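Asker: Residue-level listing of the chains:
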Amino acid sequence: MSKLVSIKELHPDNLNYNDGSFEGGVLIEQSLRNLKAGRSILLDRNKNIIAGNKTAEKADLLGMKVKIVESDGTEIIAVRRTDLDLDSKEGREMALADNVTAQKNLSWNRENIEKTAQELKDFEIKDWGVDLSFNEPELKSFGEVDVTTFDINQTLTLKLKTEQYKKVVEKLRETDAEMNIALLKILGYYGEV
Amino acid sequence: MSQKRIKLTDLIPDDCNFNKGTDLGRELLDKSLKELGAGRSILLDKNNRIVAGNKTVEQALLSGFTKVRIIDSDGKNLIAVLRTDVDLDSPQGRKLALADNSVTQADLVWDDKKLADMAQKFGIDLSEWKMKIAKLVADKDNKVQTIINDEKELKLVFTPEQYSFVLNALRRYGDDFTQSILKVLKIDE
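Chains Y and S, in that order, are what the protein sequence lines are.
Here our numbering is used: position 185 in the first sequence is 185, and no number is missing along the way.
Here our numbering is used: position 74 in the second sequence is 74, and no number is missing along the way.
If you're looking for bench data, these hints aren't it; they were derived computationally from the structure.
Hints may be right or wrong, so weigh each one.
Derived lysine-lysine pairs resembling DSS-like cross-links, with alpha carbons at most 27 Å apart [said to hold, decoys possible]:
hint, chain 1, residue 1, chain 2, residue 2
1, S, K183, Y, K171
2, S, K46, Y, K159
3, Y, K89, S, K31
4, Y, K47, S, K183
5, S, K4, Y, K104
6, Y, K171, S, K46
7, S, K4, Y, K167
8, S, K183, Y, K185
9, Y, K126, S, K34
10, Y, K65, S, K46
11, Y, K104, S, K67
12, S, K46, Y, K3
13, Y, K89, S, K34
14, S, K155, Y, K161
15, S, K183, Y, K161
16, Y, K159, S, K130
17, Y, K67, S, K46
18, Y, K65, S, K4
19, S, K31, Y, K159
20, S, K152, Y, K159
21, S, K113, Y, K167
22, S, K20, Y, K126
23, S, K113, Y, K47
24, S, K67, Y, K167
25, Y, K126, S, K46
26, S, K67, Y, K47
27, Y, K104, S, K113
28, S, K34, Y, K121
29, S, K186, Y, K161
30, S, K155, Y, K115
31, Y, K161, S, K130
To be clear about the criterion: a stretch of chain S counts as covered by chain Y if any three or more of its residues have a C-beta under 8 Å from a C-beta of chain Y, and this derived list gives those stretches [what the hints assert, rightly or not]:
hint, region
32, 7 to 14
33, 33 to 47
34, 51 to 65
35, 75 to 86
36, 95 to 109
37, 157 to 170
38, 173 to 182
None of these values were measured; they are calculated from a predicted model.
Beta carbons: idealized from backbone N, C-alpha and C, even for Gly.
Let's have the full structure, built from the sequences with the hints guiding it.
Answerer: Written as C-alpha cells, this is what we have:
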C-alpha cells in the first residue's frame, strides 16, 4: 500500500506545454478548497509530473499531501470519493469543476511544444488535435496587437457558441494547413503564407 | 487507502453528463489509450457512479480495457498515478503530456440544458465557476430556465498584411466578422 508523501517530492515538468491561466489557477484552487481532490494527476517513473502540474502546485499550497499509486498503463484507475454522492450539490459541482478547470486553464506554450517537436521525430502535434495558430490568450479584444511580446502579428478573435466553434474548427482543419492559413486560402489570399 | 479491481462495466455512467463529447475527442481518446495506455485516473462517487471520465470509460471499453482499479479516497489528499513504464522525456511521456491537454480540449462540448437543470436543482452558482449566464427564459409552464452562454473564443493569428486582407474579405459579408466567417464556411448560425 502506498504512503502519503509531500507534493514537494514531485518534479514539475520544466517543459510544460500548458502555461495555464490566472482564471484557471483560481478555479483549480477553488475546486480543491471547496470540493477537495478529484481525479488523480499523472507521474512518470521518476516522479516527474506528466499531467496535473498546476493541480499539484495548488494542492501543495493548500497543505495537501500525495498518495502515489503505481500502474503500467494497462488498466484504468479510478479514484472513488467515499464521501461524495454525484447527485448532490458537491457531486455535481465536482463534475462541473473537472471540465471547467481544464477548459479555463489551458493555454498552450508554443515554444515548449515546438522544442519537443524539433527534438523528437515522432511528435506530430496535429495527430493529437493541437493547432497552435489559434492560441493567443493574452490578447483581449478584436485586432489587438500583442504588445506583451512585441509581436507585430495581429489576432482575429471570433466569439462563437461551442457548437459553432467545433464546426468552424472542423471546417478549417479539412486541409492539412493550420487554421489561419486555411482561412486565408478559403478567402482567396494569394500572398505569402 | 484500499484498492480493489472490478469490471469496467460495473461502473455507472452519469446520466446527466454536462459534456456531450465530440467525434474528434473520441478519436483522440481512442488513440491515446491504444498508443500510450491509461493516463490519469477517472473519478467516481461512493456508489461507483462516474463523476469525471465518462467518455474515457466508454472508449476504454471499446479499446479492450476490461478492469478498473479502485482507489478509495476521502479527498483530503491528492492521488497520483505513477506510470512505472514511462519517462517524461521520451516520445511516450511527451505525447502523454500533450494528449492529456489536447484530448480534454477537443472532447468538451457543454450540454447547456443539463447544466442549467442541475444548477437549478442543486442551487449551483455557475458564475462562481466563471460560466456566463446569458439569459433567463420562461418555458411553456412559466417556469424560469437558465440558459448558459457557452461562448468560446477562436483566435487566429496573422501577419499585418494577411490580417488586413482577411478583414477586407470578411467585410464583404457584413460588419460582424464572426457572422461573416460562418457565412464563408457555410455554417448555420
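Asker: For every hint, state whether the structure bears it out.
Answerer: Hints and how they fare:
1. Taking the CA atoms of S/K183 and Y/K171, the gap is about 12 Å. The hint holds against a cut of 27 Å.
2. Proximity of S/K46 to Y/K159 is assessed by CA-CA distance (about 39 Å); at most 27 Å being required, the pair is judged violated.
3. Distance hint between Y/K89 and S/K31 is unfulfilled; the C-alpha atoms sit about 34 Å from each other, more than 27 Å.
4. Restraint check for Y/K47 and S/K183: not satisfied, since their Cα atoms lie roughly 50 Å apart, outside the 27 Å limit.
5. Of the pairs offered as hints, the one joining S/K4 and Y/K104 is violated, with about 34 Å between alpha carbons and a cut-off of 27 Å exceeded.
6. This hinted pair does not check out: Y/K171 and S/K46 have alpha carbons roughly 42 Å apart, beyond 27 Å.
7. Taking the CA atoms of S/K4 and Y/K167, the gap is about 42 Å. The hint is violated against a cut of 27 Å.
8. Restraint check for S/K183 and Y/K185: the C-alpha separation of about 15 Å stays at or below 27 Å, so the hint holds.
9. Distance restraint check for Y/K126 and S/K34: the Cα-Cα separation of roughly 17 Å lies within the 27 Å cut-off, and the hinted pair is therefore satisfied.
10. For a cut-off of 27 Å, the pair hint linking Y/K65 to S/K46 stands: about 22 Å separates their Cα positions.
11. A distance of roughly 32 Å separates the Cα atoms of Y/K104 and S/K67; the hinted pair therefore is violated under the 27 Å criterion.
12. About 22 Å separates the Cα atoms of S/K46 and Y/K3, which keeps this hinted pair within 27 Å; it holds.
13. Using a Cα cut-off of 27 Å, the hinted pair Y/K89 and S/K34 is violated, with the two alpha carbons roughly 35 Å apart.
14. Restraint check for S/K155 and Y/K161: satisfied, since their Cα atoms lie roughly 14 Å apart, inside the 27 Å limit.
15. Using a Cα cut-off of 27 Å, the hinted pair S/K183 and Y/K161 holds, with the two alpha carbons roughly 15 Å apart.
16. For a cut-off of 27 Å, the pair hint linking Y/K159 to S/K130 stands: about 16 Å separates their Cα positions.
17. Distance check on the hinted pair: Y/K67 and S/K46 sit about 19 Å apart at the alpha-carbon level, within 27 Å; holds.
18. A C-alpha spacing of about 22 Å is found between Y/K65 and S/K4, which places the hinted pair at or below 27 Å, so the restraint holds.
19. For the suggested pair S/K31 and Y/K159, the alpha carbons sit about 30 Å apart, so the restraint of at most 27 Å is broken.
20. In summary, the hint linking S/K152 to Y/K159 is supported, as the alpha carbons are separated by about 6 Å, within the 27 Å threshold.
21. Between S/K113 and Y/K167 the alpha-carbon distance is near 20 Å, which keeps this suggested pair within the 27 Å criterion.
22. Only pairs whose Cα atoms come within 27 Å are accepted, and S/K20 paired with Y/K126 is accepted, the gap being roughly 23 Å.
23. Between S/K113 and Y/K47 the CA atoms are separated by roughly 41 Å; this puts the pair beyond 27 Å, and the hint is violated.
24. A C-alpha spacing of about 35 Å is found between S/K67 and Y/K167, which places the hinted pair above 27 Å, so the restraint is violated.
25. Proposed proximity of Y/K126 and S/K46 is contradicted: the alpha carbons are some 38 Å apart, above 27 Å.
26. Of the pairs offered as hints, the one joining S/K67 and Y/K47 holds, with about 25 Å between alpha carbons and a cut-off of 27 Å not exceeded.
27. Among the hinted pairs, Y/K104 with S/K113 is consistent with the structure: their alpha-carbon atoms are about 20 Å apart, no more than 27 Å.
28. Between S/K34 and Y/K121 the CA atoms are separated by roughly 20 Å; this keeps the pair inside 27 Å, and the hint holds.
29. At roughly 15 Å between alpha-carbon atoms, S/K186 and Y/K161 fall within 27 Å of each other, so this suggested pair holds.
30. For the hint pairing S/K155 with Y/K115, the CA-to-CA distance comes to about 22 Å; that is within 27 Å, so the pair holds.
31. A C-alpha spacing of about 16 Å is found between Y/K161 and S/K130, which places the hinted pair at or below 27 Å, so the restraint holds.
32. Counting residues of the region 7 to 14 of chain S whose beta-carbon sits less than 8 Å from any beta-carbon of chain Y gives 3, enough to reach three: the coverage restraint holds.
33. Residues of the region 33 to 47 of chain S lying with their CB closer than 8 Å to a CB of chain Y number 12, which satisfies the three-residue condition for coverage.
34. A stretch counts as covered by a chain when three or more of its residues have a beta carbon under 8 Å from one of that chain; for the region 51 to 65 of chain S and chain Y the count is 7, and the coverage holds.
35. For the region 75 to 86 of chain S, the assignment as covered by chain Y holds, since 12 residues bring a beta-carbon within under 8 Å of that chain's beta-carbons and 3 suffice.
36. Using a Cβ-Cβ cut-off of 8 Å, 14 residues of the region 95 to 109 of chain S lie near chain Y, which meets the minimum of three, so the contact claim holds.
37. Coverage of the region 157 to 170 of chain S by chain Y holds [criterion: at least 3 residues with CB-CB distance below 8 Å; count 12].
38. Counting residues of the region 173 to 182 of chain S whose CB falls under 8 Å from any CB of chain Y gives 4; the rule of at least 3 is met.
Hints 2, 3, 4, 5, 6, 7, 11, 13, 19, 23, 24, 25, counting from the list given before, are not met by this structure.
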